[in-house]
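Trainee: The lines below spell out each chain.
There are 2 protein chains.
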Amino acid sequence: MKGTMEKKNEITLRDYKRDWIGYRPEIKVLDCTIRDGGLMNNHQFDENTVKAVYQACIMAGIDYIELGYKASKRIFAPKDFGLWKFCDEDDIRRIVGDNVGKIKISVMADAERTDYHEDILPKEDSVLDMIRVATYIHQIPTAIDMIKDASDKGYETTCNLMAISTVQEGQIRSALEALIETPVNTIYVVDSFGALYSEQVRDLTKMFLDYAKPAGKEVGIHTHNNQQLAYANTVEALIEGANRLDASLAGLGRGAGNCQTELLVGFLHNPKFKLRPLLQCIRDYIEPLREKLRWGYSIPYMLTGRLNLHPREAMKFMEETDAKDIVAFFDSIYEEE
Amino acid sequence: MKGTMEKKNEITLRDYKRDWIGYRPEIKVLDCTIRDGGLMNNHQFDENTVKAVYQACIMAGIDYIELGYKASKRIFAPKDFGLWKFCDEDDIRRIVGDNVGKIKISVMADAERTDYHEDILPKEDSVLDMIRVATYIHQIPTAIDMIKDASDKGYETTCNLMAISTVQEGQIRSALEALIETPVNTIYVVDSFGALYSEQVRDLTKMFLDYAKPAGKEVGIHTHNNQQLAYANTVEALIEGANRLDASLAGLGRGAGNCQTELLVGFLHNPKFKLRPLLQCIRDYIEPLREKLRWGYSIPYMLTGRLNLHPREAMKFMEETDAKDIVAFFDSIYEEE
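Residue numbers (numbering that gives the first Met the number 0), protein chains in the order written: chain A, 0 to 336; chain B, 0 to 336.
Keep in mind that the hints were calculated from the coordinates and are not lab data. Bear in mind the structure is a predicted one, so any value in this text is a computation, not a measurement. Hints are not guaranteed to be accurate.
Identical copies go unnamed one by one, so any copy, or any two together, can satisfy a pair.
Using 25 Å as the maximum straight-line C-alpha spacing, the simulated SDA-like pairs for lysine to any residue come out as follows [said to hold, decoys possible]: (1) Lys273 to Met317; (2) Lys271 to Arg305; (3) Lys212 to Glu198; (4) Lys271 to Ser331; (5) Lys271 to Tyr196; (6) Lys152 to Asp114; (7) Lys27 to Tyr196; (8) Lys323 to Asp283.
Here chain A stands alone, though its shape is the one from the complex:
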């Protein structure tokens, strides 16, 4: 009898997985609408839109909101981009004020494209909570230095290992071995090209967890919807044990876009998440952008995803006035017969 009781209290991950009624409170959702969506409009969102997304995320119980990049002004001329390419402290504060206790705020810093020593302020001087270091596999040494810098300054940090679908397993393992020695809090599986299938996501998430968990770190997942798998793959990763989930409103993000925040919130049973404020923001601020920004699943993005390619060719095609001749696009990137 005592044995049974003990067993009952010992809730394993597997129990959580099969528990359709409960939820895993450790799961945190990050809304990257403004950051990833900024890749479709050179980060030129007006303040009302950014404010609306910020308010909607707070009302919906979203855990983090990502507002843009900390890009180097030496590499990227400010006149060519919107404010959210650089996320200056004053610009963020105009949206969020002091943001006390409302939602955590993050920005992304690309390895080799950020003047992080200068542009990332000490935490006590900033309203930011988290710095997410985005890196390709060959930039890992730089990324590690950025993680240490941000951590020393007082921030929570993540490492987002991009284009994972193009990296060999041995290299991924080396990167993970190096990253668990750093102060990074979360290591992200990033399917930049929307190329991964569910089994691959499960295998990668397991591999990441094998390194991260013993080191006291979390694993996250960031997907793209090239093959209409962004949401499905996010769910697969969370079932395996990923606790940090990226999503965006109506999937707004580069190319085929991301996992939809509204779909994900529908799956998570944590009652703190509310759907209605997200739908309001989508109706009033996000859908009106669709005709101009043209993000979301379409066949050209499916083709680059299937071929494990950067979406840039598909983005170029989708920017054309007509953008209907999918066969010509197929012929341009594909040789089948």
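Given chain A's structure and the hints, the job is docking chain B onto it.
Mentor: Frame of chain A; chain B shown alone:
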């Protein structure tokens, strides 16, 4: 040494599952563009469109094409519907001629809505190859009689157990026990409401296989895209061992539509499948229908899927001229706070 050789020749399902290079030749794809898409236009496709889909499926290596229903003319007045609601032999032959050895042709017959004794001809008088009996759980006795009738007449048959997400496990097991005693060739998991998540699809597919395989029958999967899981769930079912997969061009089908044939063909490694002819047909015949028919993923369909409801309320909303106030739709079907 001999033991090793023997083991190598004994390729199990699990080996197939993990084999990213090979493929399972038993997998057959059925394109239901005209049949399920017909639910969006009262089956009023013109002959050129039906011919184009037929030709594209042949060129793409698709195994079956489904052209419509065998609906009762006593229940449904022919003047209110297109030809593909009834699939008269002469109408089908105008599209496919004698269809010798090109692709298998199926029609769907709904339990209690088909005059099957009269309207389904003996196989020797018909160009049809397969009759798919669609049934809700309470109609199983009728469905079994229809299966026997079609089988006696010489057809391959399937039983498509609709709205499975609303049926209790005990009832499903009773239905499966009854169906394996019939001559039916394939039993389909049908997620009519687009309500199922991957784990549920895996569990259902396993349950169906447990009954079907020992009886020498196949299991199929038919999905709807309410939660952008139609393709993902089809892949999950095939990984578990489902060998009959429904899909439609650009997902054309009721409400949020089906698993996209072009996505599915991209996943299957069997070299007989070709993508380009499908893209041509989508560009020239299917996408031009989108503005009028408005199928495919959208938030109203997501909401009915999430609530495990028939999509009819969402379809009504989507038919409205504007169809943008997703919050009003949410409020009309949902009570959250």
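Trainee: Each hint needs a verdict: does it hold in this structure or not?
Mentor: Here's how the hints hold up against the structure:
1. Lys273 to Met317: between (33 Å within a copy, 23 Å between copies)
2. Lys271 to Arg305: between (36 Å within a copy, 17 Å between copies)
3. Lys212 to Glu198: both (21 Å within a copy, 24 Å between copies)
4. Lys271 to Ser331: For Lys271 and Ser331, only the inter-copy Cα distance (22 Å) is at most 25 Å; the intra-copy one is 47 Å.
5. Lys271 to Tyr196: The answer is between: 21 Å across copies meets 25 Å, while 30 Å in one copy does not.
6. Lys152 to Asp114: within (14 Å within a copy, 76 Å between copies)
7. Lys27 to Tyr196: both (23 Å within a copy, 20 Å between copies)
8. Lys323 to Asp283: This pair counts as between: shortest inter-copy Cα distance 10 Å, intra-copy 28 Å.
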